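Q: Residue numbers (the numbering used here), protein chains in the order written: chain D, 1 to 730; chain B, 1 to 327; chain X, 1 to 166.
For the record, the hints were derived by calculation from the structure and aren't laboratory data. Note that the coordinates shown come from a computational prediction; the quantities given were computed from them, not determined experimentally. Even for Gly, the Cβ is constructed at its ideal location relative to N, Cα and C. Check each hint, because a few of them may be wrong.
Stretches of chain B that chain D covers, calculated by requiring three or more beta carbons in the stretch to come under 8 Å of a beta carbon on chain D [said to hold, decoys possible]: (1) 228–236; (2) 308–314.
Negatives, chain D to chain X, calculated, CB over 10 Å [to be verified]: (3) Val3; (4) Gly33; (5) Arg271; (6) Gly392.
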Amino acid sequence: MSVHLKQDRPDTRNVLDKTRQGVIGAPLPRPEGLLKTTGTATYAAEYAAEGCLEGVLVTVPVVRGAVTAIDEEQVRAMPGVVAVLSDKRMTGRPAQGMAGEAPFQPAQEVCYWGQPVALVVAQSFEQARDAAKRLVVECRGEDAPLDPAAVDAEESESTRQGDLAHAMAEAAHSVDITVTTEGHASAAMEPHAALAQWDGERLTVHASLQMLKFNRAELADSLGLEQDQVRLLSPYVGGGFGSKLGVSQEVVAAALAAMQLGRPVRVVMSRQQVFQVVERRSETHQRVRLAADAQGRLTGFGHEARVSNLPGESFAEPVLQSSHLLYAGDNRLLRLEVARIHRMTAGSVRAPGEAVGVQTVEQAMDMLAAKAGIDPVELRLRNLPDKHPENGKAFSSRKLAECLERGAAAFGWEERPRAPRHTREGEWWIGTGMASAARVHSVVEAKARVTLRPGGTALVETDMTDIGTGTYAILGQVAGEMLGLAPADIEVRLGDTELPPGSGSGGSVGAASCGSAVFLACEGLRRKLAERLGINSDDLTLKDGFVRWSGGEKALPELLGNAPLDCVGHFEPGDSTQDLAVSSFGAFFAEVAVNRWTGETRVRRMTGAFGFGRVLNARTARSQCLGGMTWCIGNALTESLLFDPVDGHLANCDLAEYHVPVNRDVPDCEVLLLEERDAAASPIQAKGVGELGLCGGAGAIANAIHDACGARVFAYPMTPDRVLAAMPEG
Amino acid sequence: MRPFDYQRAERLEHASQLAADADTLPLAGGTNLVDLMKLEVETPQTLVDISRLPLRSIAEEGAGLRIGALVTNTATAADPRVRADYPVLARAILAGASQQLRNRATTGGNLCQRTRCYYFTNIDQPCNKREPGSGCGAIEGIARIHAVLGTSPHCIATYPGDMAVALAALDARVEIARENGSSRSVPVRDFHRLPGDTPERDNVLEPGEIITAVTLPAPVGGTQLYRKVRERSSYAFALCSVAALVALEDNRFTRADLAFGGLAHKPWHDPRIAELLVGSEPSLALFDRAADLLLEGAQGYGENDFKIPLARRTLAAVLCEASGVGA
Amino acid sequence: MPIAINGEDYPLPADPRTSLLDFIRREAGLTGTKKGCDHGQCGACTVLVGGVRINSCLSLAVTNDGEEVTTIEGLGTLAAPAAMQMAFVAQDAFQCGYCTPGQICSATALLEEVAAGWPSDATADLGAAPELTDEEIRERMSGNLCRCGAYANILAAIREVAEEAA
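Bound-form chain D, shown alone (with noise of 0.2 Å):
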């Protein structure tokens, strides 16, 4: 049995508001949380198969090129080496997120600095890494363009609307800034790893992946499979934050090793491979005007970029995704390009574009703030938009006023235009600052079944993956609320591509997808149940593994009887939000101390709201926002990708040099959730939280800057070098 949905159109019910078990929302703790801190919980590269080989992938130092020759005789003498494969089929490029095609291919023709052209497979680790080392791969090498700012850039997206240059002219209070962000890295801990296995008809691939009927599907395409001949699974995933979206290359290699040689094969990237050859987060130039009259009201609103990919890449990092809709402004310009250089792959780092996007518009408005005299809390208040400003769509739902008004309050937030340098404690300067948050919502085709099973508990199965986002917990929530039963009776399994097809875990698409397709299933469930009482399902009461309605009571496995009861879910987005704007919206407070010697700043402690549709589990969507705001600081304060500009490698490509934050980075952070309901966003009224949390928080650091010490830095992150470099004299 199935239920499918093609949401057309909002969904009002509120199922969840009526069932009555109360799990849904509740901050129940995850379900797989002792495997996780116990060390039983397994991620790819730690399956047992007997006769494993190792594979260590091989890089070229050349930035664009193509391989003319490998000497295999030399490493293939060495002790303990069985192969070296630089089969065509494997890839140059990580696929883009839900490409469901091969990426590039062959990987011999070289298109960035590092690129795995060649796999060297042996008897152990060391003899793999080893070897791979010493691999001698002759290249012809060709020059590339390697700076954005040195190539003429394509136009990628560009809206009109009015005459800017016009409002620009004619404002009483304008900002016209130019801010830059450099390069980011997903840098998940898990390296990227595949153990793949080959039985000469299937193919299994334990691997570390975010989006598994995808992945399946470029990986079967890359390979030349079919996709029934492929199965992945990705139970536990070390974080993926974008870099595992889509397969990337030392899962087709590993697929292709286990082909050639029969036996098991493992491949896991170096640290340094995973810097080198996954997908970035694009650097950006970035252009922010707004004109506005004399009470801060915005009459022009202006956001160009540019960003940069590879040739032949069709992403470019949406960094305006959230400038359409977020401030009013009749007389619009929005502009993005993309410069074609040879970097690794530009991708999908946790947020695109938002991530970079939101902090340079909240920057500009904390400018306008102090040049209209007016609050920074009170101008953005001031600017919400009525309706979409460029399409002129209602919003489905939009919390941001409340979360301005009520994170101001938890935080303590000084209502006053600001001047800045006004606290001192010793050597520091001590400033507070805010942004407005918001990420654009989305909804992906999603499967699920939830089976029922003789006794009362359940089962709830798909290829969904939880990298660390809580959907163990959240899926098990969905389907205790709907059947009424306790999380505890319910199996959630997850990341395996024999289960239905869910979502993926990518672009906070996730909990409302999969989350409504569980709910569907359990929809359907539902009315079996109440077939088999002969009642409506609407007179269904489930709770606590009991079934009541208006004439008696029965409890759910008396019901059920010996037989199993099972239900596939079918969620699909439709035209439910074509007629409206959806996102989620949030504001970040910050307090910063800023070294009047050094320009060192640490953040002192920070608040963030955020309103995002229904709640699935308050204790898991905290810890999201947290992360986010975690993002921030290291977005803000550390973060960037240093790209030699000679032969444009990645210098600092490890963990010691690439600075994401350590907890002493990390201040007391105080999280505060809106509950929302969105009709129109999904079925479960829930929208994304995945990302939101780091949708403008940069920015808030960055105003805390200027209000403790005086500093407009206008280039990310800002290192001591760039605050004292614009901190004013004493």
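Based on these hints, arrange chains B and X on the given structure of chain D.
A: Chains B and X alone, transformed into the frame defined by chain D:
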């Protein structure tokens, strides 16, 4: 990692004899050497494991302290005598790395820590330190973390450690055993070298020589500070650091022993700074003149130009804190 | 002499290149200890050797003969989890879970280190015994990266265990 022959030294002499071979390296805590071996930056044919030699004690020696070469960074920083009499040393150690690394890193090994230069640690890049004659990728490349003092056209790498900066300020000495059984002692200030035209040599150790201890002179009291400027609040190398032993009487400096990290191929110590400061009244103008001396020959390489003003300001911050100026 | 891991002896590896981390994961089959960077830059591989936390990736297995190693599996099990393992669940002190065993090994050692009076960069007075302030915990946990950004909850979990013990 290249294959190697693993030998454990049971006695110091044994270790010295083995280490005399140019293709042999001594292994102590391993926190730097194993890292570099995995990258094939270091490719010894033989590793001599010296980690179990009896060089693990901290003992009073004369009026000072003798810290065995195999004493871990953790043990040094936690030692009550170090904390009481040489707090700058404890502070510097604690400002470096992580607890896990400090638990294994040793006194001798930390002195021999090699540079964090991106070009040195990437064997697909030119580096005169790793491969003499191959060129320096950093000079025209990403030089953010590199040196501004004492550089050469062949190398602009920095010495990355913190502990040695404090030892330089303290004027500690390095005790070295030689292959022939004798020993010698070198001031920490002279232990590390400038790159010149032989950047492959980080320090003055000769083949067969093994560090056995660091000796600290008698405690001098005063104010002892270690200030490290870094890009995150912990677990990051210094953009610039200052170790300071400062004393004042009647509002005049009676001691101002300073050493600097993150600026050069070695912990930087310039005796002229103490000469200028001692006897003078603390003032911002004086600190500026001290910085003029420090940075007299400073040369930036574009991306690291900021280190020159940063060093000036960090020096001023430390002297202000020590003297109370500007408080 | 063999290496004892969680009380069980394992013979030394034949290849001296084998890191203690790979030895634990591959030769002893204890995959709870994670490889995040293999270069001492993330802390995912943290284990206790003789009760002291180290990065197992930077220690050659052969140099640890005769040592007693405790991994995450030795701290507690699904059936009998340690207080710190339960506190991490209760405080949601992890997301993807990959850095978690290293975090828990570090957190366990941290409490011992503070009890032993070891100072840290966050210790205001080197002459006094360190107190378990939030800043001390944050500094002492800074050798364990968590990219999901669970730091605030990790702090809460450690605090929970410390307060229960007090």
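Q: Regarding the assertion that Val3 of chain D does not contact chain X, is the least Cβ-Cβ distance greater than 10 Å?
A: Label holds. Min Cβ-Cβ 31 Å, cutoff 10 Å.
Q: Holds or violated: the segment 228–236 of chain B covered by chain D, criterion of 3 or more residues with Cβ-Cβ distance under 8 Å?
A: Per the Cβ count (8), the hint holds.
Q: Would Gly392 of chain D pass as off the interface with chain X, using Cβ distances and a cut of 10 Å?
A: Since the minimum Cβ distance to chain X is about 37 Å, Gly392 of chain D lies beyond 10 Å and the statement holds.
Q: Is the Cβ of Arg271 of chain D more than 10 Å away from each Cβ in chain X?
A: 4 Å, violated
Q: Within the assertion that chain D covers the segment 308–314 of chain B, do at least three residues meet a Cβ-to-Cβ distance smaller than 8 Å?
A: It holds, with 4 qualifying residues against the three required.
Q: Minimum C-beta separation from Gly33 of chain D to chain X exceeding 10 Å: can you confirm that?
A: Given a closest Cβ separation of 4 Å, the condition is violated.
When held up to the earlier numbered hints, the structure conflicts with 4, 5 and fits the remainder.
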